[in-house]
Structure formats: C-alpha cells, structure tokens
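Participant: Fit chain B to the given chain A structure using the hints.
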Amino acid sequence: MSEFPLQRRSFLRLSAIACGAPFVRPRSSRAASFPANDRIRVGLIGVGARGKVNLKPLIERKDIQLTAICDVDATHRDQCLAEVRKAYGSDDAKGFEDFREMLNANLVDAVVIAVPTHWQAAIAIACAQAGIDIYAEPPLAHSVVEGRAICKAVRRYGRVWQTGSWQRSDPFFQRACQLVASGRLGAVRSVEIGTLGGFRDYSGATGSGFYEDAGGLNYNLWLGPAPWLPYHPGRVHQNWRWHTFFGGGQLMEWVGHHVDIALWALGLDQSGPLKVEGTGEFMDHPIFNALLRYDISAYYFNDLKIRISSSLAPGVRWLSDEGWIYATRSQLLASDQELLAPGEFVSRFVQFGQDHWNDFFEAIRTRRPTIAPCESAQRSTTIGHLGMIAILAGRKVEWRPKEEIVFEDPSSAEMLEKPYREPWLLVD
Amino acid sequence: MAPGRLTPLFLAWGLLLAFIGSGFAQDTLTLLKSFEFGRNRRAWNSMDIQVRAERNRERRAAEQQLIEVLLGRDSTTDAKILACRGLRYVGTNPGVEVLLSLVKDERLSAEACAALQEKDFKEINPALRTALPLAPNDLKAGLMNTLARRRDREAAPVIGKIARSISDRPVLIAALDALGQIGGVEGLTALQQLASKNPDLEVRRKHALLAAAGHALRQDALSKDLALKILNQFMAPSQPPLLRGAAMVEVAMSDKDQRAQLCLQALKSSTGTLLPAAASILSVLEVGEFIPLYTEHFDSLKTPAQILLVELWKPEYRDSKRIQDLSLNTKIDPNLRHAATRAIDRSR
Chain A
1 MSEFPLQRRS FLRLSAIACG APFVRPRSSR AASFPANDRI RVGLIGVGAR GKVNLKPLIE
61 RKDIQLTAIC DVDATHRDQC LAEVRKAYGS DDAKGFEDFR EMLNANLVDA VVIAVPTHWQ
121 AAIAIACAQA GIDIYAEPPL AHSVVEGRAI CKAVRRYGRV WQTGSWQRSD PFFQRACQLV
181 ASGRLGAVRS VEIGTLGGFR DYSGATGSGF YEDAGGLNYN LWLGPAPWLP YHPGRVHQNW
241 RWHTFFGGGQ LMEWVGHHVD IALWALGLDQ SGPLKVEGTG EFMDHPIFNA LLRYDISAYY
301 FNDLKIRISS SLAPGVRWLS DEGWIYATRS QLLASDQELL APGEFVSRFV QFGQDHWNDF
361 FEAIRTRRPT IAPCESAQRS TTIGHLGMIA ILAGRKVEWR PKEEIVFEDP SSAEMLEKPY
421 REPWLLVD
Chain B
1 MAPGRLTPLF LAWGLLLAFI GSGFAQDTLT LLKSFEFGRN RRAWNSMDIQ VRAERNRERR
61 AAEQQLIEVL LGRDSTTDAK ILACRGLRYV GTNPGVEVLL SLVKDERLSA EACAALQEKD
121 FKEINPALRT ALPLAPNDLK AGLMNTLARR RDREAAPVIG KIARSISDRP VLIAALDALG
181 QIGGVEGLTA LQQLASKNPD LEVRRKHALL AAAGHALRQD ALSKDLALKI LNQFMAPSQP
241 PLLRGAAMVE VAMSDKDQRA QLCLQALKSS TGTLLPAAAS ILSVLEVGEF IPLYTEHFDS
301 LKTPAQILLV ELWKPEYRDS KRIQDLSLNT KIDPNLRHAA TRAIDRSR
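Residue numbers (my numbering), protein chains in the order written: chain A, 1 to 428; chain B, 1 to 348.
One or more hints might be untrue.
As a list, the in silico DSS-like pairs of lysine-lysine whose alpha-carbon atoms are at most 25 angstroms apart [what the hints assert, rightly or not]:
hint : chain 1 : residue 1 : chain 2 : residue 2
1    : B       : K119      : B       : K104
2    : A       : K402      : B       : K256
3    : B       : K119      : A       : K396
Everything labelled a hint here was simulated from the structure, so no lab data went into it.
Treat the numbers as computed from the prediction; the structure is a model and nothing was measured.
In isolation and in its complexed conformation, chain B is listed as follows:
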C-alpha cells in the first residue's frame, strides 16, 4: 500500500482513539463527580496517583479535572471535598482562584482554607482578609486560623477589629489565638487592645501575647522592642509563675547577654516555682555561663535548685571536689546526695 493512502487511515484511527479517550475521560470525570464517602473510591484512587505524579503534565491534567469537579453543578459535596484536598498538592493559579471562591462556602470553606494554607501565591492573603469580615461567624475561625498559619501580619488589624466588636465566644478565642500566631507589632498591638474585652479569657490572651512576643523577637526591630517590653511586664513578681517563667525563657533564648542572669534569678526564686524556667534556660547555657552559677552561687541556693545544678553538672564545669563531698555527705538531703553520686557516674 502506498504511503499516501495510509495517511487517511491513520487519521481515522487517531480520531477514533481520541473519541474513545474523551469518552473515558468523560466517564472518569463523571465517576469523580459522583463520589460519596462509603462508596467505591477507585476513580479517586487513580486521581491520588495522578496528584502525586512527578511529571508536571500529569499534575496539570489532575488540577484541571479537580477544578472541573469543584465547578461542576452535578458534583457531590464529598467529591468537592476530595477535589479541595487534591488541589492542596497540585493547585497552581487556576486552582487557587477556584479555592478562593469557596472560602465563604459554608460546606467547603474549611477544606478550601486547608488547601490554601501552605500555598505561596500573593493573591491569597488579600483575598482571605477581604473575605473575613463578610463571612458568617461560623466560618470566621477557619479563615482566621489560615491567616494565622500564613503569618499574615496585615491580617492582624482586621482580626483585632472583629475581636473588639464580636461577642461570639468561639470567634473571639480564635481571634486571640490567631493574633498570637501572627506576632509582629501588629499582632501584639491588637492583643494589647483586647486587654479588658473579656476578663475570663484573660489568661488565654496572655498566652497569646506570649506566643506573639516569641514570634516578634525574631521579626523586625520594632516588633522586637515591643515584644521585650511586654515580656518584661510578664516577668514582674505579681504575674503567675508559669507566665513569668515562660517570659524569662523567651527573653533568655533571644538575648545571650541576659540568660545567665535570668537563670540565676529563676534558680533563686523563693518558692521554687521558677525552677522549670531555670531548667529550660540551663539547657542552653554554655560552659562559661554555667561555671559561675555553680562555683559562685551554689551555696546561696535552696536545695531543689542545688539538686537541679548537680543533675546538670558535667566534668568540664570544674569543682568536682564539691560533687565528691556532696556524694559522701549523709547530713544533706538524700536527693542531693543521689544527684551528686549520679554526677560522678557521668564523669567516669
């Protein structure tokens, strides 16, 4: 057969295959769209494989199908849920656009937010910020959480404004936690403005402030300054020991110059309630910072603090004679003697 006569034949075959292929694709899409939990998941298992595919072409095809499921009027809610979960992995601009259109959808908002949480597209934050005040209260926590995990500092004033005006307790709690995660001057300021909003949520607000300060210490200079000011207020003796200790740890972790002094302060706390903070700070001290605590201040400390220092003693901290003596002294607290014995074991 002459080559020229083959061409129409190939064309006919090609058209037939394309037709069958599109039929398959149509069938697959129908199966994807009609999915319900508890029923056959085969079509979605294939989609999962496609979503995980290394080749970009397959991933783009998957994204297109997932978008079609989300936009399909005949798609079930369950199918749309799975489509959102798939777009978390393969969603690019078109996928992100569809997900953003769903953040105010009562049935799909949580799934859309989850899919968007880690995505690095500049249009996401402004769109979420715009959607937040307009969304029903039921959806606000989810939107706030997503903005919080995306550390969107521009969202802090928006969240703060909602928190100041709302009486819905779950939303208020979500706002406090979200502001704590955002940090920065914006998050800290918004949390400060909520000071007298709800007295029974005051402890939660303080934990949020602590978290925000922790983030702010690693952000810009302005944020760091405000964070230190707030942490210093938390370190006042009038504050609950847990918050006071946590503030000391945060400052100590960010400021090497202060940490030995803060550690000593915690070790000397009168009732021992700051010992947990001392232990946290001790765990990051360098040899040179530990030695003076041990050699100069040991005798002035109460027994629990002494035990803690001996438990953490290493041969390079010097003065092993003291450890030897403690291990032999039957007049001291048995726990201190036991700690000294163990310290000697460690030095072997």
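Pulled out of the complex, with its shape left as it was, chain A reads as follows:
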C-alpha cells in the first residue's frame, strides 16, 4: 500500500482552513451568574461511549438544557441529537461536527467534554477563551505541559471547571478520605494503588490492515493535534486509549480516579512528588502501543511513597504503622474494624454533596470552585505522565513540583510536552 503524501498535505491544508474560521467569540449576551430559574445551556463535545453515559443524567435534569451536540462522527452525533430532540419534544438542539463552529454559534454556557485525551487541551482552552464553563473527563491532558496550559486558561478566564473524577462525590470514597484525613491511621507511610493493566478491544477490528474510508467519521478532525497515522477502525472510538498518540492506556485511565482519591485524602492534590520511578512493558500489537503492565512509585517530601501498579488489586490502600484502610468502588475495608468506626467529620470531602453533576451546575450559578478542580486533576495526572516518562527513559525522574520541571535530565524533560501537528498550536 503506498501512502499518499499529497493527500496528507491537503488534509493539513483543509485543517488550516477550518482553523481559519472566525475565532470563537466570547459569550457576551448573558451575565456571568445565573438567576436560579434560568436554565444553563449545555453543549456536549464528544458523544461516543463516555459521552453517551453522560447524556442520560443530563437529559433528565430540569435546571439545564442540552442545546448543542458536537462529534466528529456523524453516526454518534445524529443518534445523540435524535435522543435529545425526542426527550425535549423539540428540534432546538443543534448538531455540529467542529467544536469551533459550536462555540461560535453562541448556543452554550457550559460544555461537557468526553473526547480522546489528545484533544482535551485544545478544546478546553478554546472553551475557556470563549467564556464557557467546562466539565471534562479524566485524565486532564495528554502531557504535563498541556495540563498546566488548561489550568492557566481556566484561571485566566475565570471559568468553572469540574473534572469527571466522580469518585470525589461518591459516599464510599468520601468516607474513606474522611477517615484517613481525620488521622485514624496516624502518619500514613505509603499508599498502594491498584489499577488495571492490559487492554480491552472494543471494536474487534484490530487486524493490521489499512483502511481508506472512515465512513461518517471526519478522521482528520478526529486526529486533530495528534501525529498523523492512517485511519484504522480499531484505533478510534474507545480503542484510542491503547495508542500513545491518543491516550495513555490503563495507567492514564485510572490516575484521575484512584490516584486522585489517594492524594485528596492526604491533602496532596495541590502538590507533587519529588521523585518518580517505574518499570513497565508496552503492548506488542499490530495497532496498539500503550503500556500493558506497569509498576510506578512516586516519593513525596515526607518519605511518603505512592505506588501505582497493574499487579495490585484495584483500589486505594493507605498504610501506616497502625494498619491500613482500603477503598474500592464496591467496598471499604481496614486491617482492624475499629479503624472504620464513625468518627470525626471532615467537611472538605462532603461540602458539595454526593451528586457530581449537581456540584458542577451549582458552581456555575455561584462561581465557587467545584469538588474536582483543574489543579487537582493536573496533579494526579502528572504522576501518570512522570511514571510513563520514567519507564520510557529507563531511569528515575527527579521532579520539582512547584516549577513543574524535571531536574537535570534534558531528555526526560523533553517528554513533558507532546508536539502538535500543524496547524494546531498549544496556547498557554
């Protein structure tokens, strides 16, 4: 099969032309805070697998209205649009292929982003520049530098940000965090975080063949800032996470959940480790190349060790000289039942309730921070990125969390950012 360089150039050119569409205009017609009886206009960007999961609770809410649906895949977009129109009994919701056109249409006050990781920063930053509040799925970003750029844009433009780290609104994890933070374990010496390894083929089309027809999917726009690769149906949609150009495998799927919870309980979600080391094995597969197995250790200033491993049982285990507390999505256990006895109330874990969506929309009305702010997402995601860099470089990463720089190791430092394919540019 011969590749078609000219077509690739014209792809880029088309992309550049699309990029040349009028810049997203800031929202100006509505005041920044909403009267309680005013419905928040919400747009969905990315309505594949995760986006569809988000659709159900959103469509049932009376305090918002889904006004725009955006997806580069016409099939997903049309299905979702039909569902919304049916639920509302009106054709008011509009469909868009390109998020920039959606933002320009001035139809939304907030967006829910559920896209492959390589797209997250470009979309989130454009939304912030347009004065739109943002709910986005974890992991925060595809690189440390991208994550910082998102945080910067959110702060500069005063946007409300909620990461889809819903475990923060889950009563189970809230209780576990309260127990740890209230000192039940004494000084926590280490945390063991079990995350999944391997991969799951969602498409069943993972042969090494090559496809030229992407059907209703605008593949060039789907690729966006990622390096060019020919279209393969087994690499898009949910399977994007198994290729490092688009996602970060199971490791990055879980950092925004279990790692986030581990740091939150310890009050370390605004800080970072001093050293990260790791070992791992990448997939030997015709079209995937993400981490298959991994074992990462992050060391904090107080000798605290946080280990993230695909070989541990899924969940978060905080350990101290007094014993351990272990939380998963279905159970809360401890080395001694006494450690789980009701105790001191720590408000910061429960102050915004147990409804993750509610928290987001209430924050939009009052402009207060949400339970899952951008900075926390950046800190949990960074551990995953640094672990990956340590594995790729084959040596430990000495990290300076305040400045977010790698200490005296230029070749590892080069991996903190992933270059964008033209004409996309990371704006920070």
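Facilitator: Quick look at chain B alone, frame taken from chain A:
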C-alpha cells in the same frame, strides 16, 4: 593445538561473524526503509526499543540508522516519518542537522518540526527563522508553531513581518497565535503592529496579546512594563467583560499589591460580568487580604458577589456571627442562605 595456531582461526570466525552481522544490519536497514503503514512493523518495533534504550551506545546506533533512513533515496515516506519521530528522542547534532534540512520538505516538514520542538540545540532557532520566509505558505504555520513553542523571541519580528504582508488567512492566524506564545517586548510589539490588519481577527489578536502579556510579565523588566501597559488598556470598562476580567486576573497574579483592590473592583462590577475574574483572584488571596473584603465591603456588594464571598468563607476569615445570621435569615436570597449554611458546615 598451540595457541599461536588459534589466532588465525579466531580471526576467520570474527570476520565471518562481522560479515553475517553486517548482512543482518543491512537487512534491518532495508526493512526499516521499506516500511509502509499497514504493513509489518517488526523492524520498527525493534527500533523503538533501541530508541528507548538506556545505554548511549545503542541510542547512537539508533540515531545513525534513523539518519540513514532519512537520507536514503530508496526509503518510503512512511519510513521517513517514523525516522523523524525516532530522532525526536535520540537526535543529537547529526540528527538535528538532518531534521533541519527537512523543514522545507513538503512531505516531512511537520514531522521534522515536531522532532525539533523540544530539542536544546543552539542552531535550531536561527535555522528555522531563516527557513520561515522562504518556505511555501503551506509550511509556514508549522514553522511558526515550532518557533512559538520554543519561545524564540528573535523570531517575533520575522513572524510579524510575514503577518503584515500576507493575506493567507490560516498563516495570519498561525502568526497571531505564535506571537502570543512568544511574548516579550518583541511579541507584544509585533502584535500591536497588526492592530488594523484584519478587523474580523481582532478578538483573536486580543487573546494573543493577552497570552503574550501573560508571558511577558514573567520575562525582563522592559517586557513587563509593556505588558502592564497593554493589560491596563484591556481593563478599561469599554472592553468586553471576558477580556477585561482576564486582564485583571493576569495583573493580579503578577502583582500582590494590587490583587485585593482588583478583586474588589471585580466583585463590585455592576452586572456581575466580572464575577468569574473575582473568583479567580479570590482563589489566590491570603487570609489577610480576604478579611477586609468580607468584613468591610460585604454589605455594599450585590447578592451574587455576596454569595461568592460566603461560598469561599473559612472560619479563619472571622465574623462567623454574620454567617450564622445569614443562614437563619429567611428574607434574603435563598442561595445566599444556602451558601451560609454550607459555610457553617465547613467550619465544623
């Protein structure tokens, strides 16, 4: 057998092994060069491992092979793409030199630029600056982006000059964004000079100016002065609230002395359109800066601003009596009462 007679035998074996080895190397290189997407990737999988190798010797060998792929007339475009991606990790002087020779190659410019973006070699920026005006328009955005992410301030006048003379819209947009990323007096000045260039790109230019000012505030004194001047212009009431608020946040983040005052100004904005900026600034205020806002100005603020302050109230901000009263007062806005109740919960 006497040791002396062993030497020629060893030599013969050595030569044979070297011959076989070079054959293997030749075969590997051929496989690397003939790669096409969708075909067997085995040779490149081995190369990926070599690129990630810890030992310098293996990485240098990998670099040499990648260079050979890039220079090979019989290499496919796909193979050259992968070679550029490999050189991003192992490219040293020889690799960088080859990559620089490709930045005007229509098929490989984007890949070469991406590989060079993070590299710390002094010859890269001048070479990219020289290539930029001579490159076809199709390649200019990529070159500008690379210079922008490398924060090459000397590139700003070159990019500015192109932006002033070009009518190609995508290139013009790329130039605005790139100048925003470069910052410094150079980036700010170039953006100012583009003021009347294209009215429908004015908002984009202002966002770029904002980004450039944000960078400039953390650069040299001259850059900082110009950045503050521009940000002060953006803070004028005639500016759109989003830009006005963003300028306030930028100034507040860089100047501790001004931030409480700016926060109060944002809280008092008549239509509430600056509340997002107030929230951003409030998130970095220290206890001592927050207390006067709460104790002295609370009553003069409109309800949305009051709600925001109460939402962010902590026990150390004092005056919990006011919070108690708000939580019990049924005559006030229910959202304010709810915020007060939650603030009490937080203080438990």
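Participant: So, for every hint listed, does it hold in this structure?
Facilitator: Evaluated hints:
1. K119/B - K104/B: 18 angstroms, holds
2. K402/A - K256/B: 18 angstroms, holds
3. K119/B - K396/A: With a Cα-Cα distance of about 21 angstroms, the restraint between K119/B and K396/A holds, given a limit of 25 angstroms.
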